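Asks: What follows is the residue order along each chain.
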Amino acid sequence: MDIKAGLLNNNKRAAARLITMLENGIEEALDIIKECYHLTGHARIVGITGPPGAGKSTVTDKLAKALRKEGLTVGIIAVDPTSPFTGGAILGDRVRMSDLSTDPGVFIRSMGTRGALGGLSKAAHGAVKVLDIFGMDYIFIETVGVGQSEVDIVKLADTVIMVMVPGLGDDIQAIKAGIMEIGDVFAVNKSDRDGAERTAAEIEAMLDFNKQEDYRPSVVNLIARDNVGVDKLLEAIENHRAYLDASGRYRSRKRDSLRTEVIEIFKENVIRSVARLEEDTNVLEELTESVLERRIDPYTAAARLMDSFTENGV
Amino acid sequence: MFDKEKLGQIKEAREKWENGVSKTISKQPERKAAFKTSSGVEIKRLYTPEDVADLDYNDRLSCPGEYPYTRGVQSTMYRGKFWTMRQYAGFATAEESNKRYKYLLEQGQTGLSVAFDLPTQIGYDSDHALSEGEVGKVGVAIDSLKDMEILFDGIPLDKVSTSMTINAPASVLLAMYIAVGEKQGVSSEQLSGTIQNDILKEYIARGTYIFPVEPSMRLITNIFEYCSQQVPKWNTISISGYHIREAGSTAAQEVAFTLADGIAYVEAAVKAGLDVDDFAPRLSFFFNSHNDLLEEVSKFRAARRLWAKIMKERFHAKSVKSMMLRFHTQTGGSTLTAQQPDNNIVRVAIQTLAAVLGGTQSLHTNSKDEALALPTEDAVRIALRTQQIVAYESGVTETIDPLAGSYYIESLTDQIEGLAAAYIKKIDELGGAAKAIEKGYIQKEIQDSAYAYQKEIESGDRVVVGMNKFQVKEAAPKGLLRVDPVVGELQKKKLEALRAERDNQKVEAALEALRNAAKSDDNLMPYILDAVRAYGTLGEICGVLRNVFGEYQQSIIL
Amino acid sequence: MERPIRVVVAKPGLDGHDRGAKVVARALRDAGMEVIYTGLRQTPEQIVETAIQEDADCVAMSILSGAHNHLFPKVVQLLKEKEAEDILVVGGGVIPEDDIPGLLEAGISAIFTPGTPTTVTIDFIRENIRKK
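Residue numbers (the working numbering), protein chains in the order written: chain A, 1 to 314; chain B, 1 to 558; chain C, 1 to 132.
Only chain A is shown next, with the shape it has when bound in the complex:
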């Protein structure tokens, strides 16, 4: 299969295969991305996160359907945790999006966190690029908002929707610490339930506390299951985007995220180079031995490792 040609000719199979290759760290995949990178930048990227059971998949499903009605295409990346014991995962988000499966303007991809440090973030970045090149107008990334790696993923979004539900009790406190701040729009799903008002009030109070000068995230009441409030949510996403554009924050946000990405890739390359250098020279092992015997310190060792890089023209 000519993956590049397929990718540019609306072949879902090719796009799917390319995502797998990126997920599995296959080099040729990077070449294709490099060749097509100029085609990225078209898609609007929306992160959807929140605690388990908040209804994120249902929210994603309804948003996608609303956008499809406007004739826009939608890519969805749904992330579920990988079992740390077996490396396997059950990825079940599609259950809520069954009737989107056969829509030609929708592409859904499930992804396991796969445990490797930063690995998921890299794979998700890759998948977003593929779907962007593939021509999707909107790309949703859906993750459970509980861990740092998930937070890293949604950070590459233009707009982050935090989906909450009434009656989580102490959970909301736990989520507040460090994670609530990334929300650009708050959706209180299942808002027909008892306690919805209190949840909304708590979010508002949190927003009062973390005041930004020129933007206040909106809090939208939602009953995603019944498609109630979805238009309001879409509007809130639009408003956030308008703010980003008007304030010039869109560009600075993108710049931050790209800088982080370049640094991440650079770090990874360095680590890979160390591994390659080690195959030939054993430098790292010898330096480590020296540190172990207290002949030199770790800082000097690192500096010498850097020197041998330059010497070997890595």
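In short, the hints are calculated from the structure, not lab data.
Model, not experiment: these values are computed from the prediction.
Worth double-checking, as some hints may not be accurate.
Within a straight-line C-alpha distance of at most 20 Å, the following computed SDA-like cross-link-like pairs (lysine to any residue) qualify [said to hold, decoys possible]:
hint	chain 1	residue 1	chain 2	residue 2
1	B	Lys444	A	Val95
2	B	Lys321	B	Ala476
3	A	Lys69	A	Asn227
4	A	Lys65	A	Tyr138
5	C	Lys82	A	Asn10
6	B	Lys435	A	Arg225
7	B	Lys455	C	Val23
8	A	Lys155	A	Gly248
9	B	Lys444	A	Gly53
10	C	Lys80	A	Val95
For this one, chain A is given, so just place chains B and C on it according to the hints.
Replies: Here is chains B and C on its own, set in the frame of chain A:
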């Protein structure tokens, strides 16, 4: 039941015996390190009067037909009359199923039990795209009153009791049954039978749901109300643990989740303004019967006692009929093996004994070939004969609740009741059965049990004869029942003809009236009955309700 | 680096008995595979689209309603139309022995009947993906 001094002596004797046993075991260990029932109850080496020392006979057991009904709901039980022998049947077209029913009645079966195909169970007509390949497969295809008239042709509805395994569209099939009665000149007051009508276990275990929880509960309470006035001899619901067990639950979970569902129905009806004693006497239950004979007997007894207490103490029922847990039993389909299928006859016999010793009101015995395909006529006959042999030859029917007083049975009955009560408490804390289902809690508990069971089989810790031990090489079984694929085409043609010949304006008007009623708080039964009488199809009626109510989205937690 | 095998576990048709499908899904996960679980009432079209978008190595389906002769081959045929016939297709459920040769002929690679240990299914998938 024993005085203190006597108990002391018994304890002493047992301890002495235990010491001797320890020595034996140190030389030759027992077969297993621990012995447990499916529900995880540790089984002791020996049960003695010590295990029932606290048992208050009048409070916990009492006499048959008396609260808390541990020993049975009738005062004479099988000395009065046997349970209803009711084989679940139905396949292909109404014509063919009608023939099978007549055959079963001739063979001495005493009630009918109708199996519907999946499109019927999910409210699609046979010509719907999703019905492709499914028409007439697991039951009979019913699209309209026309099919129902054929299904019961020559079977007088005032002479037979009919159980219908129908849930999401139960209201529509019941309306069709009432309409067939009208055509036969049998009034609705004379009709007797059961509809399953248990949507919660569809969400939990069986998967043939249509509408979301709230409108589904409304339809169910509409049926309760309508039947209490118009079809008083009808069992309006069969609250089913059968499928929960088939999905892999333990015996205690079967009791717990079934009764938790029951509580949800009673609460919904009470909330809708019904008096508990007006509808509760028509509630019935449906349980599974597995191979662990003594645990199963204990399970049935525990379920009866727990339900009686719930109805009396929680819902303040006054009528004794409201407190009685009457139940149908089916032997466990998932216990049957595709390997050496003749062995299944023996399994079914043990399960039949369990159901009868547990005091069932009616029973379906599975056929030996059900792990392979739909049962053949021969296989169904053997299954029915199994019930008849237990009834007429085994002698277990000659006295009531013959296992009562067994130290083990009474102790296990207590423990299963305790486990089930603990689960019900947990479900109450989650906000009731509907909420617990929405959260995926009940499904997860069942799946954990199912997966643990599978692992036990694969590790060989649990032996299934002929499947993971004592295997033989065997030839493929011959002569299985097959549903002719033309059934789908046949039903499509019938539908086409029906749509051409009926008064379509009348159908439209009835459907429109139903749509408006669905949006209001009216009882929907009269509107559904009108639509059925006008030969509106099942798919059309359910389509109107789908439009107004939406569809259920399953909760998956794996 | 060893990549996880990706399997779509699907329930085609209207049959709601998903005990087997769920047990298999868990067993595959515990064998280190990534299982994309679709839920009930999937059409062959939905299953095939899912398999393609997920770049699955295998589609595993379960049917207990007797509709297998219709639905299993339909999935294989649609995969072919989408030039995705390299995706392994396996099936399970209540399937009479007599039907198995016809299903294999139609391109389903294996049929697992009741009582098959999950290890057999796992090994079969491991050994047969991307070899067609």
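Asks: Quickly compare the C-alpha distance for lysine 444/B and glycine 53/A to 20 Å and report which way the hint goes.
Replies: 14 Å, holds
Asks: Against the 20 Å threshold, does the CA-CA distance of lysine 69/A and asparagine 227/A hold or violate the hint?
Replies: 14 Å, holds
Asks: Taken at face value, is the distance from the CA of valine 95/A to the CA of lysine 444/B at most 20 Å?
Replies: 16 Å, holds
Asks: Hint check: lysine 321/B vs alanine 476/B, CA-CA at most 20 Å. Holds or violated?
Replies: 50 Å, violated
Asks: Starting from lysine 65/A, check that the Cα of tyrosine 138/A is at most 20 Å away, please.
Replies: 12 Å, holds
Asks: Decide if the proposed pair is consistent with the structure: lysine 80/C and valine 95/A, CA atoms, cutoff 20 Å inclusive.
Replies: Violated: lysine 80/C and valine 95/A sit about 24 Å apart, past 20 Å.
Asks: Are the Cα atoms of lysine 455/B and valine 23/C separated by 20 Å or less?
Replies: Satisfied, since the Cα-Cα distance of roughly 10 Å is no more than 20 Å.
Asks: Can the restraint linking lysine 82/C and asparagine 10/A be considered satisfied, given a maximum Cα separation of 20 Å?
Replies: Roughly 13 Å separates the two Cα atoms, so the pair holds.
Asks: Given the hint that lysine 435/B pairs with arginine 225/A, does the C-alpha gap stay at or below 20 Å?
Replies: 15 Å, holds
Asks: Next pair to validate is lysine 155/A with glycine 248/A; report whether the Cα-Cα distance is within 20 Å.
Replies: 18 Å, holds
In the structure shown, a violation is registered for the earlier hints numbered 2 and 10, in ascending order.
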